[in-house]
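Chemist: Residue numbers (our numbering), protein chains in the order written: chain A, 2 to 577; chain B, 84 to 274.
Hints are computed from structural coordinates only; laboratory data are not their basis.
Take these hints with a grain of salt, some might be off.
27 Å max Cα-Cα, derived DSS-like pairs, lysine-lysine [what the hints assert, rightly or not]: (1) K537(A) <-> K577(A); (2) K171(B) <-> K521(A); (3) K185(A) <-> K356(A); (4) K258(B) <-> K324(A).
Facing chain A, a subset of chain B residues (Cβ under 7 Å, in silico) [to be verified]: (5) G130; (6) S144; (7) L167; (8) G173; (9) A206.
Ideal Cβ placement from N, Cα and C applies to all residues, glycine included.
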Amino acid sequence: MKKLMLGNEAFARGLFEAGCRVVSSYPGTPSTEITEEVAKYDEVYAEWAPNEKVAMETALGASIAGARSFCGMKHVGLNVAADPLYTASYTGVNAGMVIAVADDQGMHSSQNEQDSRHHAIASKVPMLEPSDSTECKEFVKLAYELSEQFDAPFIVRMSTRVAHSQSIVELEERQELELKEYVKTPQKYVMMPAFAKGRHVFVEERTKKLIEYAETSPLNRVEISEKAEFGVITNGAAYQYTKEALGDKASVLKLGMVNPLPEKLIKDFAAKYEKIYIIEELDGIIEEHCRNIGVTNIQGKEIFGYIGEIQQSVIAEKLLGEKKEFTVLEENIPVRPPVMCAGCPHRGLFYSLKKLGVTVSGDIGCYTLGAAAPLNAIDTTICMGASVSGLHGFNKARGAESEHKSVAVIGDSTFMHSGITGLVNIAYNNSNSTVIILDNSITGMTGHQQNPTTGKNLKGDPAAAVNLEELCRAVGIKRVRVVDPYHLAECEAAIKEELAADEASVIISRRPCALLKYVKHNAALRVEAEKCVGCKMCMKLGCPAISMRGGKAVIDHTQCVGCGICQEQCKIGAIK
Amino acid sequence: METKSIMIVGVGGQGSLLASRLLGNVLLAQGYDVKVSEVHGMSQRGGSVVTYVKYGDKVYSPVIEKGEADAVISFELLEAARCLPYLKKGGHLITSTQQIDPMPVITGAAEYPENLVEKLKEAGADIVAVDALSLAEQAGTAKASNVVLMGVLASRLDFPEELWQNALEQCVPPKFLELNKKAFELGKSAE
Chain A
2 MKKLMLGNEA FARGLFEAGC RVVSSYPGTP STEITEEVAK YDEVYAEWAP
52 NEKVAMETAL GASIAGARSF CGMKHVGLNV AADPLYTASY TGVNAGMVIA
102 VADDQGMHSS QNEQDSRHHA IASKVPMLEP SDSTECKEFV KLAYELSEQF
152 DAPFIVRMST RVAHSQSIVE LEERQELELK EYVKTPQKYV MMPAFAKGRH
202 VFVEERTKKL IEYAETSPLN RVEISEKAEF GVITNGAAYQ YTKEALGDKA
252 SVLKLGMVNP LPEKLIKDFA AKYEKIYIIE ELDGIIEEHC RNIGVTNIQG
302 KEIFGYIGEI QQSVIAEKLL GEKKEFTVLE ENIPVRPPVM CAGCPHRGLF
352 YSLKKLGVTV SGDIGCYTLG AAAPLNAIDT TICMGASVSG LHGFNKARGA
402 ESEHKSVAVI GDSTFMHSGI TGLVNIAYNN SNSTVIILDN SITGMTGHQQ
452 NPTTGKNLKG DPAAAVNLEE LCRAVGIKRV RVVDPYHLAE CEAAIKEELA
502 ADEASVIISR RPCALLKYVK HNAALRVEAE KCVGCKMCMK LGCPAISMRG
552 GKAVIDHTQC VGCGICQEQC KIGAIK
Chain B
84 METKSIMIVG VGGQGSLLAS RLLGNVLLAQ GYDVKVSEVH GMSQRGGSVV
134 TYVKYGDKVY SPVIEKGEAD AVISFELLEA ARCLPYLKKG GHLITSTQQI
184 DPMPVITGAA EYPENLVEKL KEAGADIVAV DALSLAEQAG TAKASNVVLM
234 GVLASRLDFP EELWQNALEQ CVPPKFLELN KKAFELGKSA E
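Work the whole structure out from these sequences, hints included.
Modeler: Have a look at this one:
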């Protein structure tokens with residue numbers, strides 16, 4: 002049966018067909034749907050872990066126990082999981098283990114644009130890279146075979162385009178596998194120095210064997226065109242852009258295995274043409290490898306650069322001199338950046354912070370949008386959890402002066418991911434910091450995933466729920482209070498009081514995401530035009546449902562969920 | 084057959100994913116090689132959302148760039164104007180007349196341009212403008228304007244009606260199927 006599938010969905014299908022039994026991941030765009038999709042198969046145990054390090058350790062544990070396992074994450078998640086990754090390279094596997102890492106070329110939904118191939122190289126873990134949905138499924142299945150053959154976890158690198166493009170996939174049956182026998186083998190699985198030294202030797206030998214494999218692997222493919230005047234070496238999504246732009250005007254070496262890279266295969270291909278172009282997104286890893294092995298008739302980064310996705314139009318223009326014609330409207334078209342949704346519970350809280358002129362240490366999630374106009378409420382955003390530990394450092398540097406006018410904001414899922422350790426540090430090392438947990442009862446930005454605070458697991462079944470108030474008290478925070486962000490006055494009062502206090506405090510701003518299916522919306526509000534004086538106080542909230550028409554505010558009834566904060570804001574009572 | 088490119092654009096939350104999946108399923112059933120590229124995550128939250136649908140004998144890149152689209156379907160007027168450069172010469176522009184203010188307009192930093200349909204016509208675009216929101220509300224919910232516009236597109240593509248109906252059944256939950264079928268019909272007969 003043929004089906005149109007997202008790359009991520011095809012990846013999940015590959016896990017299913019390969020007989021994968023245990024899945025543990027943390028959501029992150031563009032990797033999330035792999036785990037959501039594989040969770041739909043009853044044959045596979047799948048869970049959301051609190052963070053990527055826990056997920057990878059869970060997957061490694063399952064592999065050692067004899068089950069084919071998987072963990073998935075976005076590129077920055079692999080930084081969190083780097084600790085187990087580098088040593089999993091040494092232990093190797095029992096049953097096959099596959100790791101998905103999804104890079105975000107173009108930063109559609111990320112805080113940086115790192116190239117995850119560096120992690121594969123540094124950890125000496127082999128890495129495959131598909132370029133469409135069909136390959137996602139095929140590569141995953143092959144990765145399990147190779148993982149067991151070479152005794153290594155295998156990373157399959159995704160990119161936004163491959164993960165979030167649908168193409169046609171042929172479905173096959175699942176391979177049912179027995180659990181492999183678990184035999185206690187400390188010299189392989191206890192990585193203390195004496196044993197780890199032995200495994201490092203193994204890792205170096207394994208890399209040599211993997212390079213030999215890469216020379217003849219079906220993952221690396223040469224496509225010769227008789228009409229070609231030059232050659233291209235490429236990988237992943239860039240292969241598709243290359244074929245689109247150049248068609249049969251170039252011969253192509255497509256590298257499906259991006260770590261380790263072959264040597265002879267590249268040398269032989271490069272010898273066929275006077276000129277070879279390396280078309281790879283982000284860093285020049287293939288290009289550097291070519292130079293290292295003495296292939297010098299190449300050009301890559303000096304043409305295509307290190308930033309963003311490579312455009313097919315740029316390939317066509319730079320290599321063939323072809324340009325497409327198009328029409329531009331002579332008109333100033335305002336940009337449309339992403340915004341907090343109408344009824345978003347974060348809005349009231351951020352409005353209060355802005356009004357009080359507080360310095361805000363921000364974090365990763367929907368609420369990062371609090372940094373945008375008109376709220377402009379966030380001062381810093383670095384990585385998961387950094388709001389809490391960053392605020393502690395900020396306050397240690399500036400002392401009481403900042404302690405009484407700075408807060409951290411962090412979502413419920415992000416707090417469980419890596420905010421809690423920062424809060425332990427605040428309590429343990431005694432900074433008078435105020436942390437606000439934006440508890441919208443879901444992992445929002447990635448599209449509504451359950452987390453340890455929501456009382457449900459990935460499969461939607463009831464699960465233990467972390468009580469945030471009790472957790473904060475348990476690490477040593479005495480001042481813990483809960484506010485409803487739909488009540489502006491209550492929010493503002495709570496923030497003022499906790500900033501004034503002479504000890505650390507946590508404010509939990511609690512209200513479920515307005516997009517959750519179980520959340521009941523109030524009737525849409527409307528502006529009584531005869532009363533509205535056009536003061537624009539309601540506009541300060543930055544609600545996408547409110548706009549000005551002819552000097553009066555109007556509310557878009559298709560967007561408004563009746564949260565009521567504009568009503569609180571309207572001093573003359575024009576909003577009903 | 085040479086690859087054809089259709090762009091579906093709108094504002095996050097308007098249902099471009101459903102529209103592109105409907106179209107993708109119809110094209111798959113027609114026997115084409117198909118690629119559909121979507122946007123998830125941060126950029127989905129009320130921002131400009133762009134989905135690419137490409138089909139033909141063999142499709143490589145899932146991306147559509149400036150001057151490459153045979154058709155642009157827009158759920159919002161400003162987004163139609165923004166995506167004009169993506170149309171190739173002689174390409175078709177189908178747009179809803181719905182206007183949603185982007186944040187710079189809400190904050191007063193910019194103005195929503197006036198008379199965009201006329202301006203697009205003057206710029207030489209082959210444009211069909213439909214009040215998809217009203218038609219969707221007529222079908223039962225404002226949320227179905229995406230399906231109304233797929234109806235408008237269907238009336239201009241020569242694919243069997245049965246394929247569209249099957250795609251609706253595959254992509255829409257049973258609870259909302261009748262409503263969406265009505266929205267699709269209203270779109271097909273709109274002009």
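Chemist: Now tell me, hint by hint, if it's right for this structure.
Modeler: Evaluated hints:
1. Pair hint K537(A) plus K577(A) holds up; C-alpha atoms about 16 Å apart against a cutoff of 27 Å.
2. In summary, the hint linking K171(B) to K521(A) is not supported, as the alpha carbons are separated by about 45 Å, beyond the 27 Å threshold.
3. Pair hint K185(A) plus K356(A) does not hold up; C-alpha atoms about 61 Å apart against a cutoff of 27 Å.
4. Proximity of K258(B) to K324(A) is assessed by CA-CA distance (about 48 Å); at most 27 Å being required, the pair is judged violated.
5. The beta carbon of G130(B) is positioned within 7 Å of a beta carbon in chain A (closest approach about 4 Å), and the interface hint is therefore held.
6. Nearest Cβ of chain A to the Cβ of S144(B): about 4 Å, under the 7 Å cut. The hint holds.
7. Interface hint status for L167(B): upheld, as the beta-carbon distance to the closest one in chain A is roughly 5 Å, under 7 Å.
8. Here the hint on G173(B) is broken, as its CB sits about 11 Å from the closest CB of chain A, past 7 Å.
9. For A206(B), the shortest C-beta to C-beta distance to chain A is roughly 5 Å, which falls under 7 Å, so the interface hint holds.
Comparing the model with each earlier hint shows violations of hints 2, 3, 4, 8; every other hint is respected.
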